[in-house]
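K.L.:
Take a look at the letters that make up each chain.
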Amino acid sequence: MDIQTIKHIAKLSYLEFTDEEMERFAKELSAIVDYVSDLEKAPTDDVSVSVSPHTSLSNAFRNDSDSLKENLDEAAALLEAAPEREGGYVKVKAIL
Amino acid sequence: MSDSLLNLSINEIHSGLTGKKFSAQELARAFIAHIKKTDDDIKAFLSYDFDGALAQAKEIDEKIALGEEISQLAGVPCAVKDNILVKGLKATAASKILEDYVAPYDAFVIEKLKARGALLVGKTNMDEFAMGSSTENSAFQKTKNPADTTRVPGGSSGGSAAAVASRQATVALGSDTGGSIRQPASFCGVVGLKPTYGTVSRSGVMAMASSLDQIGPFARTVEDAEILFDAIKGKDRKDATNVETKIRNPKSEIRNMRIGISKEYFGEGIDAGVKAAVEKAIAGLEAKGAQIKEISLPHTKYAIATYYIIMPAEVSSNLARYDGIKYGYSTHHRSAHDPLDSVYFKSRSEGFGREAKRRIMLGTYVLSAGYYDAYYKKAQKVRVKIKEDFEKAFEEVDVIATATCPSAAFKFGEKTKNPLSMYLEDIFTVPVNLAGVPAISVPCGTAGGLPVGLQLIAPWFREDALFTAGKEVEKQDL
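Protein sequence lines, in the order shown, are assigned to chains A and B.
The first sequence begins at 0 in numbering that gives the first Met the number 0 and counts up by one.
The second sequence begins at 0 in numbering that gives the first Met the number 0 and counts up by one.
It is possible that some hints are incorrect.
[As the list claims (entries may be wrong)] Quick list of simulated restraints, FRET-style, between CB atoms:
no. : chain 1 : residue 1 : chain 2 : residue 2 : range
1   : A       : N62       : B       : P297      : 34 to 40 angstroms
2   : A       : R84       : B       : K391      : 53 to 59 angstroms
3   : A       : E22       : B       : R236      : 45 to 51 angstroms
4   : A       : A74       : B       : A239      : 40 to 46 angstroms
5   : B       : S209      : A       : L77       : 18 to 24 angstroms
6   : B       : A373      : A       : D72       : 46 to 52 angstroms
7   : B       : D99       : A       : E20       : 23 to 29 angstroms
8   : B       : K36       : A       : R84       : 42 to 48 angstroms
9   : A       : E15       : B       : E243      : 41 to 47 angstroms
Treat the hints as calculated values from the structure; they're not laboratory data.
Everything numeric in this text was worked out from a predicted model, so none of it was measured.
Cβ atoms here follow ideal geometry from the backbone N, Cα and C, with glycine treated the same way.
Can you make the complete structure from the sequences, with help from the hints?
P.N.:
Next comes the structure, spelled out in structure tokens:
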């Protein structure tokens, strides 16, 4: 992985690095990617699914309305954790 | 008196309380005093809740005084890994990004333990967001291995393993994504169980890699691990992957139990002392009437590579929620002129530690345009092959026996310089998470004076076979 790739991936990850950190990541991630590239050799032509559900799962449905009242305190506690709030909403900075 | 309380099993605590040999408050005070005496050195805990534990103990004593029935877990001191939410207590996951975060609700497993009156004594140290195999990736402190304090306790649930090993708690909860319960249990000389995927609700545990994460118990005996497992499993509608066990009253006996030995787990790379201890334990099971059969798990060699694609991919997505907006470390108030995306960049870059960043980067890379098919999709397919290996093996055997780890506990700093060497620590534990099967690590003697763990793996939902075989291992003179 070269520095250009690291820069691109860092941007996608919303992470910032110093030049020194980027060089270290390039080295470390290259070693890991080399190692995992070994998977190419694993024969998987007979596998048709691309995900592996390992338990027998079924859809879980419920009414949209239940237990809303009991959760109001919990919702307030969750909101409480945000750095800035206004009238029951989380306030964020300008996007543009 | 108070020292002997530290060594009691769950059933001994229960009969002691109901027989009024000691009170729950005496028990709580004995453990609190022992934690205060030992934890400056071991550093198993990130935070304590002694007041909460004493209040719970008082309630139990009042119940006993009134002649009311108490649960089997009532008064049992339990430590909780810091990525599991306990309402009103800090939950940091050993990350700077959650340094001041207080849990707004209880995890499902905590609701279960509180309802049963367990004494939650504190939150234990771990690798940041459960990423690591030594607990050295904690943003706050290093936990020592009570068996040899110059060595790591394993990870990522190193604090929970060390707390149980040093008698700071009777049992503990951890989480296991690629070995994070079994490996520290092995390193510290205690029992650790990774249940079948979906058996224990993940509601209230911080998500690392959701298709692999599972909460499980630490204990000093297999019986105690079994009791704690029975208490925390069960249906929870808040976890859509949670399933109820389909097998009714499973029963297993050691006589005629077919135990599989896979050559892929006994090849090069395993320490000679570890191998000898594990083979001796397996021979002991054979002497009790178990049949030993050779089996093959041919895709084992691809397990680490598969894991280090799927896990970081899920990590990069799960850790996107730490953005400095909703909770946790934030640079929101730093400058009025900063735009929104600078809050994201700065909060995440300053809040996450090195290993978390490494895995977010790796996961983002394998999911990015142009690489998705070659890495992520391919890894999902190999995961199916690894699962099929286990399905085939379990047509012939009831349980598979391996070493939990290729070597015993290593020294601090020994593997931190080379991330890949740390990743390879997980070689025997990772395939179990990829397949979703249950596995337990049971102490089976020592190698070079350090504890060794025997890993037993069972088919989906057959934890009972692990408990049966595990109890036989405990009886052996190893």
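K.L.:
Work down the list of hints and note, for each, if the structure agrees.
P.N.:
Checked hints:
1. N62/A x P297/B: 34 to 40 angstroms: 48 angstroms, violated
2. R84/A x K391/B: 53 to 59 angstroms: Distance hint for R84/A, K391/B holds at roughly 55 angstroms.
3. E22/A x R236/B: 45 to 51 angstroms: At roughly 48 angstroms between Cβ atoms, R236/B and E22/A fall inside 45 to 51 angstroms, so the hint holds.
4. A74/A x A239/B: 40 to 46 angstroms: 21 angstroms, violated
5. S209/B x L77/A: 18 to 24 angstroms: 20 angstroms, holds
6. A373/B x D72/A: 46 to 52 angstroms: Holds, at about 48 angstroms.
7. D99/B x E20/A: 23 to 29 angstroms: 25 angstroms, holds
8. K36/B x R84/A: 42 to 48 angstroms: For K36/B and R84/A the Cβ distance comes to about 43 angstroms; the hint holds.
9. E15/A x E243/B: 41 to 47 angstroms: 46 angstroms, holds
Checked against the numbered hints above, the structure breaks hints 1, 4 and satisfies the rest.
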